[in-house]
Amino acid sequence: MRTYLIRRLLGAIPLLLGISVVSFAFMQAVPGGPDALFARNGRMSDEQLAAIRQNLGLDQPVHVQYLKWLGGIARGDLGLSYVEFRPVREIIAERIPNTIQLVLAAILISLVLALLSGILQALRQYSAFDHLVSFFSFFGLAMPVFWFGLMLQLLFAIKLGWLPSADKVGLDAGFASYAKHLMLPTITLALGTVAGWSRYVRSSMLEVMRQDYVRTARAKGVRESSIISTHMLKNALIPFVTVVTLDLPFYFTGAVVTETVFSWPGMGRLFFDSLNSRDYPVLMGLLVFSAILIVFFNIIADLLYGYLDPRIKYG
Amino acid sequence: MEGMLEFNSNQEQVPALAESYEVSEDGLTYTFKLRKGVKWHDGKDFTAADVVATKNLIMDPKFGAFGQLGWEKITKMETPDPHTVVMTTKERYAPFLNYVGGGTISPKHLIDKGVDSFKQTFGNKPIGTGPYKFVRRQAGQAVDLEKYTEYWGGEPNLDKITYKTVPNDNTLLVQLRTGEVQLSTDVSAIRFQEAKKLPNSEVVLRNSQSWYHLDLKNIDFLTDKLVRQALDYATPSQQIIDRLLKGLAVPSVADQAPGTIYFNPNVKPRPYDLNKAAQLLKEAGFTKGGDGTLQKGSKPFEIEYWIPSGDQQSSQVQQVVAASWRKLGIKVDTRQEAINTIWGPNGYQFTKKMTAARYSWFNGNDPDDAFYWASSQIPKTPTGTGGNLPAYFNKYSFQAEIDKLTAQGVKEVDPEKRKQIYFKIQELLHEEVPVIFMYWPKSIYVAPKKLSGFNPSAYNGLLWNADEWSLQQ
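These protein sequences, in sequence, are chains L and C. The first sequence begins at 3 in the working numbering and counts up by one. The second sequence begins at 1234 in the working numbering and counts up by one.
The shape of chain C in the complex, shown without the other chains (with noise of 0.2 Å):
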């Protein structure tokens, strides 16, 4: 399954099935020069035809796509030759190259069939341009791959590739040790120390896409900035990561990950500090009450602590960040609730209460980050969507500036220009804390010691470079 461009492993687009792209002066004309040559697994030509054809396949409300974004702003889309695509958007929209420059592309020739069919011949057996085509699918067990040797980067060097779920963790480990299964994603943090000592094996590490935060309900106390930064001096984050975590994490600073174009290098995170953390609450009025207790004017600072339920690891992070913020008087009441119950209309953000709730967020590929700060994407209704949660009844006091820049990160098309804004984002957030940042986990992978080649990326499938792969006798 391949795009006009793709991620390599630093967050860059570079090109697959088109070999460049154009942006016009004014950022709504893009032209993508497809690549000459390429074929779909079933011979048939790729050319300009099919991108204007998934256009149209995504757009149709049959089909049901999970995701039109990014498709629904193009406007116009010409074919001036077989092998040039011009799309013209109706607005500026900078993550258009994400979404669209990066959208799996599907065969013209299969979509002319018809919607249901369409489902029912792809779904079963799937056509793409890709290193590796699909042989066929062992059903709930594996997937079968084999090397497509008219792939237009080259002949791939492994003749199969076998794609299964391991639903155990013991499994997996016995089966890596075997040499059953040779290469893994998604190896538990627990299982690290094993993995390590796997006789053929090497452990890969990548920092991932997903950020563990504390998300603070803005409500009474909470919406004081020098009461979010003060609970940020007392969240031990870096301890967590050394003792609970064994390293297998980097500190986070803000909502962009570490070793991507759009990472803020000169935000750094707040240390622990509890003396420091208790000035800033005396600065903002609170007093100490007969019994320890916070508390200003008469009311006590009591908070929920809100983590899923079922994660051994989350719920020692509660421990430690509860005795921490506890040791500064505030009342701290831990809750572990079920995911569903977490995020549906009961959850932590709808009560009157200040809560905190500790869970992960994860990045898509482009930085547009209005998802979670916008005030166009505070819930409506505790059904409603959108995942700026901690403002569902006050607005930040800085909503009116994060809602500006988020919404110039998308129309800015220079790239550089891009960058700044997203690393303005990162200075306020890190400023105001609207939520406690806390960590991004790493990923795990296990690999044969004498595979050469294997780089994952958290900006793509795990086969992105697979024709790059091979393996030394």
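One chain only, chain L, in its complex shape (with noise of 0.2 Å):
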């Protein structure tokens, strides 16, 4: 097992140089880059241009830019940012409590929910309930997100104007206004994973219920309930969990159109805020932050097989 995860996580290194070089080359690739802006911003003089470049760092050769970066990286330190002139670390940072207390909130939700309509759903399987919910699934997958999100807004914030249509506010302001807050970009963004999700755990349900061992154990007589939990629920849960975890760090920065719409700060507004004034060295420190988030997860997956599957063995 350690040797195992020792393994994976030294293989995890060469796949996210990769990874850095690739999103590196393509942030290269655009034309023009950021000093194309600068030079026709303004009164500009040549030698000022040239400051900024060395600055920057632009004045060097791309693969000289992309090993400095690279070894700042190594001792923690993510570059400044062109439009803040603030340490990227910094930057991100301030934004990672934001889109975590969103994404838990929509996990959470989404969770319990997939859950409860999956099991319902696949233990009723063809009932008006069935159908009912894989209706509003199916909804729920085919809506595009920033229209479900005004309409929220145009419904909750206009029309009953019961909730706040966008913005966050700390505990400070009262558990009752942070929670209002919460409310509508966490449906938006529990929306299509609530919808996604009850199809598995229907699906991985139906499937274990038609094994030899639900019926044997039906046939000795264990009670239903406990037939639920323990024989069909543990092993139905093995590929859900995979999709869970692996879904897990999309949300940490693919939250982007959620935030955006109800100006959430988070982690996905700033990679929008960011790409739109061209700010590369924030860009590249969110595209590694998620690449890493991403492999992380993916050990994390195969390590919670082991754990829910004892059949699995690491060598």
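Calculated from the structure, these hints are not laboratory results. Possibly wrong hints are sitting among the right ones.
Said to hold, decoys possible - A few chain C residues facing chain L, derived, Cβ under 8 Å: (1) 1374; (2) 1387; (3) 1390; (4) 1403.
Claimed, not checked - DSS-like cross-link-like pairs, simulated, lysine-lysine; straight-line CA separation at most 27 Å: (5) L/182 to C/1397; (6) C/1430 to C/1397; (7) C/1429 to L/161; (8) L/161 to C/1683; (9) C/1295 to C/1269; (10) C/1323 to C/1683; (11) C/1397 to C/1352; (12) C/1657 to L/161; (13) C/1529 to C/1501; (14) C/1509 to C/1430; (15) C/1380 to C/1272; (16) C/1295 to L/70; (17) C/1346 to C/1393; (18) L/70 to C/1352; (19) C/1458 to C/1521; (20) C/1652 to C/1266; (21) C/1628 to C/1501; (22) C/1628 to C/1564; (23) C/1309 to C/1295; (24) C/1532 to C/1586; (25) L/182 to C/1393; (26) C/1529 to C/1628; (27) C/1644 to C/1266; (28) L/161 to C/1682; (29) C/1397 to L/161; (30) C/1586 to C/1397; (31) C/1585 to C/1515.
To be verified - Facing chain C, according to a computed beta carbon distance under 10 Å, are these residues of chain L, among others: (32) 54; (33) 88; (34) 100; (35) 152; (36) 160.
Heads up, the beta-carbon is just placed ideally off N, CA and C, and yes, glycines get one too.
Using the hints, put the two standalone chains together into the complex.
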């Protein structure tokens, strides 16, 4: 187990290096680059432009720029933002807690709803309930997030006036206000996930229900509730856990639309803003951060497998 | 953030941290009398030493200031008493009052702690002398400001102002409707009708400082003044303003904004007149070929028309103008490119083809426009700086004249004489049409109906007169 973990972690290093090379190359491939904007911006002299290029390190050849950047990463230094002139690490660190709060809330809701509805649907296959939930699942999957978010704002903030339309407040504004601000973005973010995950739970439950060991358990008179919880659920959850674990990292950087619609100051919005302002160091920082998350959660998913299914051994 | 002088909404410089100023006869020495009793937000007194420290900071290469313009002309700086600053410049430089007089002054007691410390502390918690003081920054979201009761101009009316960025147009409109946002700048033109329907708000329009134009590369047929004038006659700017922009722009004749003191009201835009355009082209020696294409000698009149991609309005304007030019028999190839491409080393201005490119320049508060026209501002290489892009291959036929005028404009410190120089430049630009001047879009603000004193200025920050704002009950 320990050797397996170490091997996986070591294996991740060349993978991350590869990702960083590709990301860096893509940034460089954008024609013009950040200094082209400075050159036609206001009253700037050639000397000043050269000074800016030197300050930003843009006067160096691309591979030198990359190695410098990589050297910085090794020391935990992600560079300086072109726009804010603050360390990228600091800028990203400010946003992480905001995204975590939103993502945790959305995941909790999604897990509860997806498990409940998926299990009930499987137990009552082809019932009216099953059809109704299936209908809403497809509705949720098909709904464009920005449109759904806007509809929620129109209904709850303008028509009913119950909830704030956007923004985040801290707990110092009171728990009620905090929760109210969290409500609409959470629902928006959870919508697609609940829909997708409940389909997974439903189908893997259906598969498990037909297994011999379930029939055997029934035959020897085990209580139905215990069959559902121990025999069926634990087995049905193995593929589901993988799906959830692999989905998680995308939440952290993938909530771009939700965070933009609800002015939520998280990492997704940071990505959107940096893309607009061509703040390459911040973009690179976010890309590397999300690559690390994806690799990390992949390893977690593999480890969870072994925990849930004792037949799997790590050699 | 205040300077010694500030711009009001008519582009006039009025006293702020300085009560008055004097310029010597020879135009080389500026004496600023500073206001007494001004305190920084942390309670320390504002004095002449702060002005000196600010200059030293800006000129410090370690600080890496984006602009040293104006400040680098200072050869001597004296403070005969704590409320007087005397600056001597190495040459007559009229924009000095704008750049140095209007430059933000920073507190000496923070600058003295060193450049790195200043960047850190000041970046996280700026201290100024203005009517509102910084309370806190909510990362990526908002900045909270609170009234400064000791403000030299008197205690402001509003207790708090929260300044936030809303990343999405729809969300902004929703928040204006619910009252979560009460005042907004930079409302996009396509939201104008919607904004007008907001129940508790009113829409405020102001002329902006950006001018949309069509660059005409000074090459081939386009070096001929008659051809450039013909293209101007064939560009329906007023129709575009009326129909596509719903009136949210004012036509442009040259590079000074209407409503400013430097705008020459005697220069009138050319009307849209295809017959006149055709006649001018004929005078210039063009004939129509067999397929209807305009040609001179055996060379057809082909032009590339570039715009930044991703802007729906630009592409509508492009279609209208291209269609109009095609009516004259000109072959127009419309292209949409990313802004970095347009301004990068592979941009339109560095190919040998005839091109027009539409984008906007943004004027500073000073009328100095050498950046757009002077021969010193022709980029030396495709990655060099300078705004005189159309003249990259060939200087303008009127280059010597505009070089002289723009140089005079910078040297002339008498306001009235200076104005006359820029009037002349506008007449020259209108006659020569180095670029086709199209329009100045309006800036759209939304403000609560019960807010009084709101008077946004294109020449100053949004909060420039926030001490005069008040909410009626």
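Results of checking the hints against the structure:
1. Because the closest C-beta pair between residue 1374 of chain C and chain L is about 4 Å apart, less than 8 Å, the hint holds.
2. The criterion of a C-beta within 8 Å of any C-beta in chain L is not met by residue 1387 of chain C, whose closest approach is roughly 32 Å, and the hint is violated.
3. For residue 1390 of chain C, the interface hint is violated, the least distance from its beta-carbon to any beta-carbon of chain L being 25 Å, above 8 Å.
4. Using the Cβ-Cβ criterion of 8 Å, the hint placing residue 1403 of chain C at the interface with chain L is satisfied: the shortest such distance is roughly 5 Å.
5. As the CA atoms of residue 182 of chain L and residue 1397 of chain C are separated by approximately 19 Å, the hinted pair is consistent with the 27 Å bound.
6. A distance of roughly 23 Å separates the Cα atoms of residue 1430 of chain C and residue 1397 of chain C; the hinted pair therefore holds under the 27 Å criterion.
7. For a cut-off of 27 Å, the pair hint linking residue 1429 of chain C to residue 161 of chain L stands: about 19 Å separates their Cα positions.
8. A C-alpha spacing of about 23 Å is found between residue 161 of chain L and residue 1683 of chain C, which places the hinted pair at or below 27 Å, so the restraint holds.
9. With a C-alpha separation of about 32 Å, the suggested pairing of residue 1295 of chain C with residue 1269 of chain C is violated against the 27 Å cut-off.
10. With a CA separation close to 50 Å, the supplied pair residue 1323 of chain C and residue 1683 of chain C exceeds the 27 Å bound.
11. Straight-line distance between C-alpha atoms of residue 1397 of chain C and residue 1352 of chain C comes to about 22 Å, which keeps the hinted pair within the 27 Å bound.
12. With a C-alpha separation of about 57 Å, the suggested pairing of residue 1657 of chain C with residue 161 of chain L is violated against the 27 Å cut-off.
13. A C-alpha spacing of about 30 Å is found between residue 1529 of chain C and residue 1501 of chain C, which places the hinted pair above 27 Å, so the restraint is violated.
14. Restraint check for residue 1509 of chain C and residue 1430 of chain C: the C-alpha separation of about 43 Å exceeds 27 Å, so the hint is violated.
15. Our distance criterion of 27 Å between C-alpha atoms is met by residue 1380 of chain C and residue 1272 of chain C, whose separation comes to about 14 Å.
16. Taken as a hint, the residue 1295 of chain C and residue 70 of chain L pair is honoured in the structure, with Cα atoms around 21 Å apart against an allowance of 27 Å.
17. Taking the CA atoms of residue 1346 of chain C and residue 1393 of chain C, the gap is near 30 Å; set against the 27 Å cutoff, the hint is violated.
18. Among the hinted pairs, residue 70 of chain L with residue 1352 of chain C is consistent with the structure: their alpha-carbon atoms are about 23 Å apart, no more than 27 Å.
19. Taking the CA atoms of residue 1458 of chain C and residue 1521 of chain C, the gap is near 20 Å; set against the 27 Å cutoff, the hint holds.
20. For the hint pairing residue 1652 of chain C with residue 1266 of chain C, the CA-to-CA distance comes to about 26 Å; that is within 27 Å, so the pair holds.
21. Between residue 1628 of chain C and residue 1501 of chain C the CA atoms are separated by roughly 26 Å; this keeps the pair inside 27 Å, and the hint holds.
22. Between residue 1628 of chain C and residue 1564 of chain C the CA atoms are separated by roughly 25 Å; this keeps the pair inside 27 Å, and the hint holds.
23. With a CA separation close to 21 Å, the supplied pair residue 1309 of chain C and residue 1295 of chain C stays within the 27 Å bound.
24. For the hint linking residue 1532 of chain C to residue 1586 of chain C, the alpha-carbon distance of about 13 Å falls within 27 Å, and the restraint holds.
25. With a C-alpha separation of about 23 Å, the suggested pair residue 182 of chain L and residue 1393 of chain C falls inside the 27 Å cut-off, and the hint holds.
26. At most 27 Å may separate the alpha-carbon atoms for a hinted pair to count; residue 1529 of chain C and residue 1628 of chain C meet this at roughly 22 Å.
27. Of the supplied pair hints, the one linking residue 1644 of chain C and residue 1266 of chain C holds, its CA atoms being roughly 24 Å apart against a limit of 27 Å.
28. At most 27 Å may separate the alpha-carbon atoms for a hinted pair to count; residue 161 of chain L and residue 1682 of chain C meet this at roughly 22 Å.
29. With a C-alpha separation of about 24 Å, the suggested pair residue 1397 of chain C and residue 161 of chain L falls inside the 27 Å cut-off, and the hint holds.
30. With a C-alpha separation of about 45 Å, the suggested pairing of residue 1586 of chain C with residue 1397 of chain C is violated against the 27 Å cut-off.
31. Between the alpha carbons of residue 1585 of chain C and residue 1515 of chain C the distance comes to roughly 24 Å, so the proposed pair stays at or under 27 Å and holds.
32. This hint holds: residue 54 of chain L has a C-beta 8 Å from the nearest C-beta of chain C, less than the 10 Å allowed.
33. At its closest, the beta carbon of residue 88 of chain L sits 7 Å from a beta carbon of chain C; the interface hint therefore holds under the 10 Å criterion.
34. For the restraint placing residue 100 of chain L at the interface with chain C, the shortest Cβ-Cβ distance is roughly 8 Å, inside the 10 Å limit, so the hint holds.
35. Given the 10 Å rule on beta carbons, the hint for residue 152 of chain L holds: about 5 Å separates it from the nearest Cβ of chain C.
36. Taken as an interface hint, residue 160 of chain L checks out: its beta carbon lies about 6 Å from the nearest beta carbon of chain C, inside 10 Å.
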